[in-house]
Amino acid sequence: MATATGVYHSTYTADLALRHTRSEHARLAIVAIALVILPFLATPYWLTVVNQIGIAAIGAIGLNILVGYTGQISLGQGGFLAVGAYTSGLLVGDLGLPFPLAMVGAVLMTALVGAFFGLPALRLKGLYLAIATLAAQFVIIWVVRNWDVVTGGTAALAVPAGELFGWTVRGDFTWYWIITGCAAVAALAATNLFRTGLGRAFVAIRDQDIAAEVIGVDPLRHKVLAFAISSGFVGLAGALTAHYRLIVTWERFTLEVSILYLAMIIVGGLGSVAGSIYGAAFMILLPAWIQQLGQSVGGTFPALSRNLPAVQQAAFGLVIILFLVFEPRGLARIWQRMKDYIRLWPFRY
Amino acid sequence: MPLPALRAGEVRPTDGSRAHVVSRAYQHDLNGSGLERGAVQVEVDAVHLHFGGVVAIEEVSLEVRQGDIHAIIGPNGAGKTSLLNCMSGLYRPQRGAIRLHRGDGDPVDLTTTRPSRSARLGVARSFQNIELFRHMTVLENLLLGRHVHMRHRLAASLAWFGPARRQEIEHRDLVEEVIDLLEIPALRKLPVGALAYGLQKRVELGRALCMQPAVLLLDEPMAGMNAEEKEDMARFVLDVNELAGVTTVLIEHDMGVVMDVSHQVSVLDFGRCLVTGEPDVVRSDERVIKAYLGAGSEPMGAGT
Amino acid sequence: MSPTAPRTGPGTSRAPYGSAEVDPRQATEPILALNNVEVIYDEVILVLRGLSMSVAEGRIVALLGSNGAGKSTTLKAISGLLPTEDGEVSDGSITYQGRDITHTDAATIVRDGISQVMEGRRVFEHLSVHENLLAGGYTRSHGEHADDLDRIYTYFPRLADRRSQTAGYLSGGEQQMLAIGRALMAHPRLMTLDEPSLGLAPLLVEEIFSIIGRLNDELGTTILLVEQNARLALDIADHAYVMESGRIVLDGPAAELAANPDVQEFYLGLTEEGARRSYRDVKHYKRRKRWL
Amino acid sequence: GGDGDSAAEGDTDGEGGGGEPIVLGGIFDLTGPTGDVGTPYAEGARAYFANLAESGGIDGREVTLSSQDYQYDVAVAEQHYAQYKGEGAVAILGWGTADTEALVGQVTADELPYFSGSLSEELADPAETPYNFLVGTTYSDQMRIALAHIAEDSPGANVAVFHNDSPFGESPLADGEAYIDEAGLDIASYETYAMPGGATDYVGELSQARGQDVTHIVIQNVASPAAQLVSNIASQGLDVQVTCLNWCTDELFIELAGDAAEGVWGVTPWYTANLAEAEEGISAYLESEGQEIEDLNAHFLQGWYYADLMTTAIAEVVDSGDEVTGPALKAALEGLDTYETGSSPGIDFSEDSHKGMTVAPVLEVSGGEWTQLVEPFEP
Amino acid sequence: MNIFVQLTVTGLTNGAILALAALGFVLIFKSTGVINFAQGEFLLIGAYAVYVGTVAAHWTVGILLGLLVAVVLGVGVERLILRPLVGQPIIAVIMVTIGLGIFLRSVVQIIFGNRPLPFPDFIPGGSVNLLGATVPANRLWGIGLAAVTLAVFTVFFTRSRHGIAMRAVADDQQAALTMGISVRRVFAMAWALAAVSAVIGGMLVANLIGVSGGIIEFGLLVFPVVILGGLDSVPGAMIGGAIVGLLITYTGGYVGGGLQSVVPYVVLVGILLVRPYGLFGQVRIERV
Ligand SMILES: Nc1ncnc2c1ncn2[C@@H]1O[C@H](COP(=O)(O)OP(=O)(O)OP(=O)(O)O)[C@@H](O)[C@H]1O
Ligand SMILES: Nc1ncnc2c1ncn2[C@@H]1O[C@H](COP(=O)(O)OP(=O)(O)OP(=O)(O)O)[C@@H](O)[C@H]1O
Ligand SMILES: [Mg+2]
Ligand SMILES: [Mg+2]
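Chains A, B, C, D and E, in that order, are what the protein sequence lines are. Taking this note's numbering, the leading residue of the first sequence gets 149, the next gets one more, and so forth. Taking this note's numbering, the leading residue of the second sequence gets 1172, the next gets one more, and so forth. Taking this note's numbering, the leading residue of the third sequence gets 6, the next gets one more, and so forth. Taking this note's numbering, the leading residue of the fourth sequence gets 27, the next gets one more, and so forth. Taking this note's numbering, the leading residue of the fifth sequence gets 489, the next gets one more, and so forth.
Be a bit skeptical, because a hint or two may be false.
No farther apart than 20 Å at their CA atoms in a straight line, the calculated lysine to aspartate or glutamate pairs in the EDC-like style are these [what the hints assert, rightly or not]:
hint	chain 1	residue 1	chain 2	residue 2
1	A	K273	E	E705
2	B	K1461	B	D1440
3	A	K487	A	E475
4	B	K1461	B	E1449
5	B	K1461	A	E172
6	B	K1461	B	D1451
7	B	K1360	A	E311
8	A	K273	C	E249
9	A	K273	A	D163
10	B	K1461	C	E212
11	A	K273	A	D355
12	A	K487	A	E172
13	B	K1360	B	D1344
14	B	K1360	B	E1347
15	B	K1461	A	D163
16	B	K1360	B	E1348
17	B	K1461	C	E211
18	B	K1360	A	E475
I should point out that these hints are in silico values taken from the structure, not numbers from a laboratory.
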């Protein structure tokens, strides 16, 4: 959070508000307007990219609640996404629930599964826990693939297009509004969480777990709760994927996805809601850009075009390396520095 | 005796008079004990703790009375910190009991509760090596001290408007009083990691105080400070005790502080409790001199 | 520090532990000198603002100052540890035995004979006591360890008892002894100690200080001591410096400083009459007068 | 949302060269888990269009293939698909089973003819998936042919199917089992074993198969794991007859498996062995690369002919003077006469069936080369 | 019985290779606290280097080239990428190694393409009859080679002062500096040695499965191995390697159904719940 130089509050209420200065309000307004205009300007391709970013942002916020704020590393993201996607898809497909209700069901279900796989967090820390959550990843996917009766096994699960009051919800444009709305609500909810006691307790566990326990934070309850809340967000992302894409395949939820999400929050900024969004955008835009760039350059250098995918991948890896070597604390930190720089501009030091 | 609370800009007396002490009045009672002054607050009963072959505490018994500053001294490795850890539930002694009296019904045995529950019962503490939440602000650290007194409902937290916000404001009120008491209003929004060592120690005391403890355990709050800084810290410890009446267990190696500040002193040596008594009695105890103070040591605290 | 220099057992005075050639007590030449040293952290935080001091060979020099004055920073500047904390000596110079060591790296400085005992003990928690000591002797060859270990175990019998215990589980005092012992393994000519009494019981503080005295006396090791317990520090030191906000504000022979009224008030906690103030009687919170 | 707007621009201004370029999309796996066979396939398709561009396109109208690697990642495939749609692509050359299935709904809605590397029978029914065309014998048919051949060659065989652990691998399993009963084949047992990704060996699975007294193993996987499996079989001293289905019946398999490949059977509609002589385009390509027909990989041909078939249909539409749109292409594909490739059985689509081929030969590795063992036949 | 022998030998070979790969990982973690997610790529590069040398000249050249590349790679990575990150949050360091993995993998692909290459067999082929089972000889050689390498490393670290120096650096870098231990040198050494062990491991994997990207996937199994053995334990890497190797082959051989990818992890979690720092991992000292 910005150091509130020169801003004073006369009531606790004002002090607790998220935005204090006029420029902060203005920034919010600009972002909101941009989000409204965006779908009208974007090409279909970029619209799908934006939608993907929206969904990823929700998942990344969820993961950040667990990893960035509570300090419990999880590699089970892909599995939890799968739980969300399959639950929601099946609730609509098999039980005929309206899709918003199914999404709520998916959130609850994923939270439950997340809480279950969070139980080892009681005894395990750091990388040991990370590998235990890897078990969640593999077990969930294994179940999905082998529980043929319910999930359809390895075959893709077709999800009927969402219907609401007789109106079929489909198409990138329509989904843009739903996804962006969900992402906004998710971001707000996560921000709220961390300005209340519950969220602070999570951060306390991350910073100093023994001290947290001694001031009354029950580690069992809070760690499991963090897993549940985080998974709830992830479940929402999974459910959105299912209804937006109309097809659920387990191959969308592999370990690479878990790692990609981790990359998002690290590059974006651990323990930052805004960072999760930046990170999601960055990690999805970067390959897309590199690809576009590669294609346009590929024409000029035929030798390059042959190796294009590998070159693109190499560039992707290199950008991650350079980025982190340059700023290990992520985009959120860079943004913060830029703001500080501008705010303090004529008077550095 | 409701006196007006200190307003911004009010000047404190600096001539060493006690005047300012009573000039502050607080809405909230920081003392979480329901007992009468002088009643037994904590009862350590034949506690025994060992780690593998290392005996840390051996049959230690002592009583801490409500309203006292009860010092625990002893050589390094005597088991002082371990005893505090037993009280706050971090260590589970193999034998013995530590009973916390609460004034309502039977005492609770602290040796069988988990740390978070001990906290709920009113045990608050600071640590030998500062254990603050480094990335949070002073305010957030103190608010975390209120954790046990808050209701944590997920839906409300996510929604913010409504009960969650009301609660934040409500508890902020008490926290502000502690901030005022410890004189750290300027630090409110600073991350604690950036604070000077002495200030961090003060914030840690504040965090414990926010819990409205029945008993406050302080593990070497003045280590690594020079005389002047020690004087400040001693003053805060005294204020907490005198103003709020909080029962305090204090581990400290500086005999000057211990003798001046405490009502009762217990001496541990090799896990055993050598003696408990008033400072003057303890200071002249042969065993204590031999085990702890050193024969050559000048009589500390003399000349007061 | 020639490795071939003959060594005698512990307890023998004038053992050529640090330097074989010169009787340190005769030397007046400073072994270490800081000239106008400026230290900046993170390229913005100026901590030392032109600090100058010198340490004469074979002496014990004390450095006093309140929290955050920059004492530890000074020691880190000497031992070359600043780069590990994003700090740098931005101006001035540090000379050791007449050579400029301002930007020499930490490992080389240890080889040259300066050992630091860091604030907060910093023992290798997961290594045993014995292994900690061996790590301390890293700069020396294997063959020389046996004698050194014997010597250190004689100085600190308590460590001998706990030889194979994991250092992380030692009590605070034992860790402090280990930290000093570990530093001695490198055969320092100059040993810098950062708050060795931190968190130690009175008896142990006395013990540690008497050992520091013995080291200086018996082995001729020069000692630069940072200490909050000003009474003890001034007792043992030959010379003392007082620093505030990154500068030396006062210096002189230890005895002289101990008599200085300001030092008495702020560092020794004595009243104007020279008696010790009771902590109960101190009522004012902000009464800092500072040297400038 | 975004309608396919390529149609609207079809014949706006006929300046000079014969109109707008016709865009096709390609979703290939070059670096993913099936990259070993995906790369030659993609190369074949790309080489074809490069050649086409050089020879002036279709009636002077440029045809371009916009293609990218998707690393066998469904989400990336979706992204590419959306991009091609935005670029006004009229048809797609796809790849994997998983992504083809994932895209099927959109493909149907967008009315874009879709050729996929996947020959999963589930995608062959025009009633369900009207825009998916299977340019080859389906995996299920390949399996049926393999089983029929095994039953005939050694009655009472114990068959173990080793398959890629994915929709691709599992696609023909159930059909194969059903076929044994339907056709009354003399096969004593039929078990399936998944080949886990990233395994260094399949000794465990082979041990299980031993429990079944296995005599024949059918592999539905790509070349590298198949070669691994065959080497394991050899080093274990197991005496079994191995049959590869189309994604491991190729030259890479022989190269990797070395001696262990000798005598392995293959069932595939695509093979170089009977490519009598390279057609013009291919020889031009070979010349530019300094290669011989023998250097060509079967999957390269597969990619090449997929592209050629699609182009033939486009030419048909262009000739007829219609706009080149998805539905027009679909109609053209269904209306085409049997399309002969010279290196596979003829391809024929109809309104009721999008199975391009129904027959396949059985090949055998002999002297380090795939040779034809049995003429193409229908199961 | 012979199935059991067969599975056991297979499992142990895989285990031995895993142990080698894990050893490199453990070395790095032990002394620098870095979790190297690019270990699989190190194996891959090792395999290609040995391949190139062997194909171009002789297997001795191949191994020498492999070791050379390993040292250059290890030291280079430490110098260019990890040194700037000293003191940064551990998870950022993890991510850098993930980025490094992607980068290295792609570079290898640009140079060699993604077509798998058959590894020249310089380890004698053929089969041996062992307790009634036919066991490929190269697997037995693999176990032997891995065992020798591990033994050499173990002696090096317990007998030489570098062992203590490395552990000291792992505990407290600053304090290690005050002992005159050059933290940089220790880091460089750890990375170089890790890369060396990866080259040997990569060579052995390649010998089994050919030179291809599949080596990386194999490398992924390093994680269960090191967690099981304990992140900072050399013997742990060996035992962990053996257990995971056997677990996978036994599951494949007796259970099947794709459970190979699940069972090791489930067993792992079970073991971790009893021993939260793995079988031999160092218990983190937490005192307040
Ligand atoms: N978690 C633990 N595991 C093993 N031994 C321990 C543990 N905690 C404490 N000990 C041992 O118990 C004994 C008492 O330690 P404790 O920390 O209570 O001493 P202390 O009186 O607080 O000393 P100090 O004044 O140095 O802080 C010591 O010998 C210590 O090594
Ligand atoms: N790594 C660092 N980065 C930034 N600032 C630092 C760093 N280390 C110390 N400082 C700042 O430099 C000042 C002097 O610190 P230093 O540790 O040298 O003080 P000190 O005199 O040793 O105090 P103490 O008695 O508490 O040990 C302090 O204000 C501190 O906040
Ligand atoms: Mg203690
Ligand atoms: Mg200091």
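Pairwise hint evaluation, E212 of chain C against K1461 of chain B, where the allowed Cα distance is 20 Å at most: Within the cut-off at roughly 13 Å; holds.
Restraint check for K1461 of chain B with E1449 of chain B, where alpha carbons must lie at most 20 Å apart: holds, 18 Å
20 Å Cα cutoff - pair K273 of chain A, D163 of chain A: Answer violated: K273 of chain A to D163 of chain A is near 36 Å, above 20 Å.
Hinted pair K1360 of chain B and E475 of chain A, Cα distance within 20 Å: Violated. K1360 of chain B to E475 of chain A sits at ~25 Å, over the 20 Å cutoff.
Agreement of K1461 of chain B and D163 of chain A with the hint, judged by alpha carbon distance not exceeding 20 Å: Given pair K1461 of chain B, D163 of chain A is violated - Cα atoms ~56 Å apart, limit 20 Å.
Straight-line alpha-carbon gap K1360 of chain B to E1347 of chain B, limit 20 Å: With Cα atoms ~12 Å apart, K1360 of chain B and E1347 of chain B stay inside 20 Å; holds.
Satisfaction of hint between D1344 of chain B and K1360 of chain B, Cα-Cα up to 20 Å: holds, 16 Å
20 Å limit on alpha-carbon distance, applied to hinted pair K1461 of chain B and E211 of chain C: It holds: about 13 Å lies between the C-alpha atoms, which stays within 20 Å.
Restraint check for K1360 of chain B with E311 of chain A, where alpha carbons must lie at most 20 Å apart: Status violated; Cα separation ~49 Å.
Given hint E475 of chain A paired with K487 of chain A - CA-CA distance at most 20 Å: Answer holds: K487 of chain A to E475 of chain A is near 16 Å, not above 20 Å.
Hint consistency between K273 of chain A and E705 of chain E [alpha-carbon to alpha-carbon, up to 20 Å]: violated, 25 Å
Proposed proximity, D355 of chain A with K273 of chain A (alpha carbon, max 20 Å): holds, 13 Å
Violation of the numbered hints given earlier is confined to hints 1, 5, 7, 8, 9, 15, 18; the remaining hints are satisfied by the structure.
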